[in-house]
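Fit chain B to the given chain A structure using the hints.
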Amino acid sequence: MSTTTWIGKSAARREDAPLIRGKGCYIADIAPPGVVQMAIVRSPFPHARINSIDTSAALALDGVHLVLTAADLEGIGAFPTLWRLPGQKHSDTPALAGDKVRYVGEPVAAVVADTRYIAEDALGLVDVDYDVLDHVVDTEKAIEDGAPVINEVWGDNIVIDYTFPGVNALGEEGDVEGAFAEADHVVSGKFRIGRYSGIPLETRGLVGVWDEIAQRLTLHSESQVAHLLRTELAGALGIPETAIRILTPNIGGAFGNKWDRYPEDILVSLATMRLGRPVKWIEDRREAFQATVHGREQVQEWELAVKSDGTFLGLRGRVLSDQGAHLHSTGIGPAWVTGAVAPNQYRIPNYQCQVLGVGTNKTPNSTFRGFGGPEGIFGIERMVDKAARTLGIDPAALRAHNYIQADEFPYFSPAGGVYDSGNYPEALSKALEAVNYEELRAEQKTLKEQGVHRGIGIASYIHVSGFGPSAILGMLDYYTGGYEGSTVKIDPHGKATVYTGMIPMGQGTETTLAQVAADQLAIDIADVRVVWGDTDQTPYTGFGSAGSRSNVAAAAVMKAIEEIKAKAVRLGAQLLEADAEDVEYVDGRVSVKGAGEMKSLSLGEVAQEAYWGHHIPEGDQPSLEATYVYDPANFTTAFGTHIAVVDVDVETGQIEFVKYVVVDDCGTIINPLLVEGQIHGALGQGLGGALLEEFVYDSETGMLLTTSLMDYLLPTFTDLPEFETHQLVTPSPSSEGGFKGMGEAGCFPAAPAVANAVCDALAEYGVEVDQTPITPNRVWRLIEEAKANT
Amino acid sequence: MSDVISFDLSVNGELRSVSAEPRKTLADVLREDLGLTGTHLGCEQGGCGACTVLLDGEVVRSCLMFGVQAQETEITTIEGIGSTGELHPMQAAFSEYHGLQCGFCTPGMILAAIDFVGRNPDPSADEIREGLNGNICRCTGYQKIVESVAAAATEMSG
Numbered sequence: 014m015s016t017t018t019w020i021g022k023s024a025a026r027r028e029d030a031p032l033i034r035g036k037g038c039y040i041a042d043i044a045p046p047g048v049v050q051m052a053i054v055r056s057p058f059p060h061a062r063i064n065s066i067d068t069s070a071a072l073a074l075d076g077v078h079l080v081l082t083a084a085d086l087e088g089i090g091a092f093p094t095l096w097r098l099p100g101q102k103h104s105d106t107p108a109l110a111g112d113k114v115r116y117v118g119e120p121v122a123a124v125v126a127d128t129r130y131i132a133e134d135a136l137g138l139v140d141v142d143y144d145v146l147d148h149v150v151d152t153e154k155a156i157e158d159g160a161p162v163i164n165e166v167w168g169d170n171i172v173i174d175y176t177f178p179g180v181n182a183l184g185e186e187g188d189v190e191g192a193f194a195e196a197d198h199v200v201s202g203k204f205r206i207g208r209y210s211g212i213p214l215e216t217r218g219l220v221g222v223w224d225e226i227a228q229r230l231t232l233h234s235e236s237q238v239a240h241l242l243r244t245e246l247a248g249a250l251g252i253p254e255t256a257i258r259i260l261t262p263n264i265g266g267a268f269g270n271k272w273d274r275y276p277e278d279i280l281v282s283l284a285t286m287r288l289g290r291p292v293k294w295i296e297d298r299r300e301a302f303q304a305t306v307h308g309r310e311q312v313q314e315w316e317l318a319v320k321s322d323g324t325f326l327g328l329r330g331r332v333l334s335d336q337g338a339h340l341h342s343t344g345i346g347p348a349w350v351t352g353a354v355a356p357n358q359y360r361i362p363n364y365q366c367q368v369l370g371v372g373t374n375k376t377p378n379s380t381f382r383g384f385g386g387p388e389g390i391f392g393i394e395r396m397v398d399k400a401a402r403t404l405g406i407d408p409a410a411l412r413a414h415n416y417i418q419a420d421e422f423p424y425f426s427p428a429g430g431v432y433d434s435g436n437y438p439e440a441l442s443k444a445l446e447a448v449n450y451e452e453l454r455a456e457q458k459t460l461k462e463q464g465v466h467r468g469i470g471i472a473s474y475i476h477v478s479g480f481g482p483s484a485i486l487g488m489l490d491y492y493t494g495g496y497e498g499s500t501v502k503i504d505p506h507g508k509a510t511v512y513t514g515m516i517p518m519g520q521g522t523e524t525t526l527a528q529v530a531a532d533q534l535a536i537d538i539a540d541v542r543v544v545w546g547d548t549d550q551t552p553y554t555g556f557g558s559a560g561s562r563s564n565v566a567a568a569a570v571m572k573a574i575e576e577i578k579a580k581a582v583r584l585g586a587q588l589l590e591a592d593a594e595d596v597e598y599v600d601g602r603v604s605v606k607g608a609g610e611m612k613s614l615s616l617g618e619v620a621q622e623a624y625w626g627h628h629i630p631e632g633d634q635p636s637l638e639a640t641y642v643y644d645p646a647n648f649t650t651a652f653g654t655h656i657a658v659v660d661v662d663v664e665t666g667q668i669e670f671v672k673y674v675v676v677d678d679c680g681t682i683i684n685p686l687l688v689e690g691q692i693h694g695a696l697g698q699g700l701g702g703a704l705l706e707e708f709v710y711d712s713e714t715g716m717l718l719t720t721s722l723m724d725y726l727l728p729t730f731t732d733l734p735e736f737e738t739h740q741l742v743t744p745s746p747s748s749e750g751g752f753k754g755m756g757e758a759g760c761f762p763a764a765p766a767v768a769n770a771v772c773d774a775l776a777e778y779g780v781e782v783d784q785t786p787i788t789p790n791r792v793w794r795l796i797e798e799a800k801a802n803t
Numbered sequence: 423m424s425d426v427i428s429f430d431l432s433v434n435g436e437l438r439s440v441s442a443e444p445r446k447t448l449a450d451v452l453r454e455d456l457g458l459t460g461t462h463l464g465c466e467q468g469g470c471g472a473c474t475v476l477l478d479g480e481v482v483r484s485c486l487m488f489g490v491q492a493q494e495t496e497i498t499t500i501e502g503i504g505s506t507g508e509l510h511p512m513q514a515a516f517s518e519y520h521g522l523q524c525g526f527c528t529p530g531m532i533l534a535a536i537d538f539v540g541r542n543p544d545p546s547a548d549e550i551r552e553g554l555n556g557n558i559c560r561c562t563g564y565q566k567i568v569e570s571v572a573a574a575a576t577e578m579s580g
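Protein chains in written order, with the numbering used here: chain A, 14 to 803; chain B, 423 to 580.
Calculated from the structure, these hints are not laboratory results.
Some hints here could point you the wrong way.
[To be verified] Some residues of chain B that are not near chain A, with every Cβ distance over 12 Å (derived): (1) Leu437; (2) Ser439; (3) Leu477; (4) Glu577.
[Said to hold, decoys possible] Beyond 12 Å from chain A on every Cβ pair, some chain B residues (computed): (5) Ile427; (6) Gly479; (7) Met487; (8) Val490; (9) Met512; (10) Ser517; (11) Asn542; (12) Ser579.
[Stated by the list, open to error] Some chain A residues judged to face chain B by a derived CB distance under 7 Å, without partners named: (13) Leu214; (14) Pro262; (15) Gly265; (16) Phe425; (17) Gly519; (18) Gly694; (19) Asp724; (20) Leu727; (21) Leu733.
Beta carbons are placed, not taken as given, at the ideal position from N, Cα and C, and that holds for glycine.
One chain only, chain B, in its complex shape:
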């Protein structure tokens, strides 16, 4: 406990001060120190993608890096996407097309999908499957997620 250090993180457009051990993962800092529990931990091994956040717009697994390493970056978590009454098209599509069941993978999945559609605005079903292959969903069998992402891509480019 003695080696707690203080540092700043820019999360969802807001500068936040953190006091945490240097060994604390970014996921734990987000969840425990900043109260952003929408970032989920499915394996803490980098294997499932549930903890996906965006760092300067790029997809990263927040369980595989330390909080202190995220200084000087712009972090986006699921809490930074959409708002009440104004959902992001990806969030709306996941609900409309039943792209989620238990919802545990969903925040990471939505962030990964937003990143993917940003790079590929008009993806085929196969491209969506390839593009999101690092994120695991245990509930849906994926088909409804593919439909959700395809619909959101159309909406976002329209």
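In isolation and in its complexed conformation, chain A is listed as follows:
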């Protein structure tokens, strides 16, 4: 039996001590002696042919050491797209544009100089001769006949046309046509999900240090998945992986954006190798808007077949995913996830979804917290509310009528996935109770008479977390692993060191893994050290810090410690002259069962013996350490229901929060305070995209108009409501420890909850919110259009 002294406790974060003192070490704080600085010449055009590049004036500037262009990259490879679904077209994303640029911000040349000030002075001296080409930045226009083709090797701008066949994991096939023929009502909707992204407060950055004598590259990087970066960088540079060490400092937020591999990884590495001096690159904020991957942006069309009693019969849809100018690290993966989660918490036996990846002259769209899931939840949750209005059924009642029930797990989704566990009706009940739903509805009527337009918006969600048994990733042609490894070493004094490939980026991984290890070993948490951020020391990670993976990493730690405890018992039995079956590991001691203090050894005493190696049982080796690579048996499915209550000013379109209630279930909770922090943070990002955040492109010029924090609106203190959070705990049967990942969950229901609340507030106008972000001007226009139509 393992005790749970630490799991379930709000243990203080060990990450905090340096950070509150300004003593953290972020990438920009790393300054090796002799370091020189890189700045990047980026394309000012959305689509143009490069005729020539003249670097002579830049090279002549005092303090400039190197200018790299595509011509200098002979023999240097490009990073691959890892998720390569059948039929997905391939194209390399070059580190520097060769003959053509395809989006504003694409790297064209790299300048290295003594200081960043000089490097930036030199950018203007690199003379690039462009022939501007026709561009397209609108998703739907990009697939029309005659649209400019972004990438010649694609042939057209449809990079994939993939259809979910509607077959579940048992091989049962639905009958979508039949469902729609049988339906009493067919509800349809078309939604535009805005383009936004993680916008970590710390931009990307790199420091490369080439050791000429050892012929070895040390790259300080903020990558969420350092081992994968090392593997791919070795491939691109054509040097062995053993010649690369990736070190990770503190990360100032990542949110998926730092999961991808980027051109600058290659450029900084090459520059330090060519100059023999440390090279540093820190992205500025304007670059970050142009050159760090964007997220979301889809145009979705859905049809829901329903019976008059509210029963859902079938769902079919088409998702256009705006991929931008290159397929980045994850290809169209996020859009695939959109199709995979769209049936959500509902029994929808008949399902079909076509996913089209679309190329446009925009920044690549790739990894961002939620990874396609929030888009799918937006679509289905808006459709459910539309159906409720069509049928005249309360939206809560319609959801309850169609939920998968608690006794139906494991549930085989028509989108192919297997939901491990859940209790959807209970989450809804708890949320309704928390907002006082009946009373709220009554109050809404009274307020309406007083001219206050109050709306109640419900959104339920699933969050497929702990991404992947590796074999399933293989079936999806996703060339990564779904496992996490952990090495745990007990030193001769009985203290533990945990090595993880996970990288803390704000979510408190170091603390949660220490909690898990302390519990499993039944030792004080202060006696556990967690080592991360060094590919020379930590085990290879299949997927890294992404996709809410703390649960998988925690399971790896648990399994490694199981092996250590088993070995401690074998060794302890030898030392105590007892049979191993009579010896147990309890309370941090190896003891003969029922024999009391005399027949017992502390973990430290056993460990010391293990390192002396004088009495090692046959078949065992000296030392006390274990490595376990944990590959989850199934995805875990976190879930919940959120309710937003808002007032809408019909004169201005302004939305004010009255209340925001959250009910989430992420299985067994390791640290409640950190879970709450993750929920709040993900909600903040979900609501940002719901209300404020958008990368705006001008269709005439193809320019990205939002390149400062004055144009691109991040939520501030006064933009976000106070969240009321409640937790359910349905332990996952398919993951070690019962944990489910949840770091992304808050992103999922935020936008549809708000959209549904706004529609509810404006029900008398028949307004349907079909676009995010839901800005005041968009709401105002919807109201005015509705008024004009009546």
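What follows is chain B alone, placed relative to chain A:
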């Protein structure tokens, strides 16, 4: 490089000599010339507040002024707040109430909060939100920061 000039800055109670170009921002001088890397740069556009420092006790964005302009003032950076074993109540509250995740906005946030509580020793949650609205946090959704500042205000006035 030719127009490097020498000047003195008073930082965290200590007079420091600097040789830097006049065009160098205060943030870069603090970080690169004085090694005070607790002052972070989130946007260099004055939009995020991560580079907040106190100049004669007033909140300023160190990315929006030049180092030379800070002569004749008393500069306080995060490194001047609290010490090992004796944290400032604001620092202690941020840790206790989970007012930080990645920690990148935290130094600026703590300095802005200290300034704010100095002016409003008993703030409501809404006043804290208004008072700190110039500082952006991308991780927390703000609620835990509001709780941290409220707790620190109580501690500081108690």
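Using 7 Å as the Cβ threshold, decide whether Leu733 of chain A counts as touching chain B. holds, 6 Å
Taking the minimum C-beta separation from Leu477 of chain B to chain A, is that value above 12 Å? Given that every Cβ of chain A is farther than 12 Å from that of Leu477 of chain B, nearest at about 17 Å, it holds.
Are all beta-carbon distances from Ser517 of chain B to chain A longer than 12 Å? violated, 4 Å
No chain A beta carbon within 12 Å of Leu437 of chain B's: Answer for Leu437 of chain B: holds, closest chain A Cβ roughly 20 Å.
May I ask you to check that Met487 of chain B keeps its beta-carbon over 12 Å from the closest beta-carbon of chain A? holds, 16 Å
Closest C-beta approach of Phe425 of chain A to chain B relative to 7 Å, hint status: violated, 35 Å
Evaluate the condition: distance from the CB of Ser579 of chain B to the nearest CB of chain A exceeds 12 Å. Given that every Cβ of chain A is farther than 12 Å from that of Ser579 of chain B, nearest at about 20 Å, it holds.
For Ser439 of chain B, is the shortest beta carbon distance to chain A beyond 12 Å? holds, 19 Å
Given hint Pro262 of chain A near chain B, where the shortest CB pair must fall under 7 Å: violated, 11 Å
Hint check: is the beta carbon of Gly519 of chain A less than 7 Å from a beta carbon of chain B? With a minimum Cβ separation of about 3 Å from chain B (threshold 7 Å), the hint on Gly519 of chain A holds.
Far enough from chain A: is every CB of that chain over 12 Å from the CB of Val490 of chain B? Given that every Cβ of chain A is farther than 12 Å from that of Val490 of chain B, nearest at about 15 Å, it holds.
Chain A versus Gly479 of chain B - minimum CB to CB distance exceeding 12 Å, so not interface: The claim holds: Gly479 of chain B sits with its nearest Cβ about 18 Å from chain A, beyond 12 Å.
The structure fails hints 9, 10, 14, 16, 19 (numbered hints given earlier, in ascending order).
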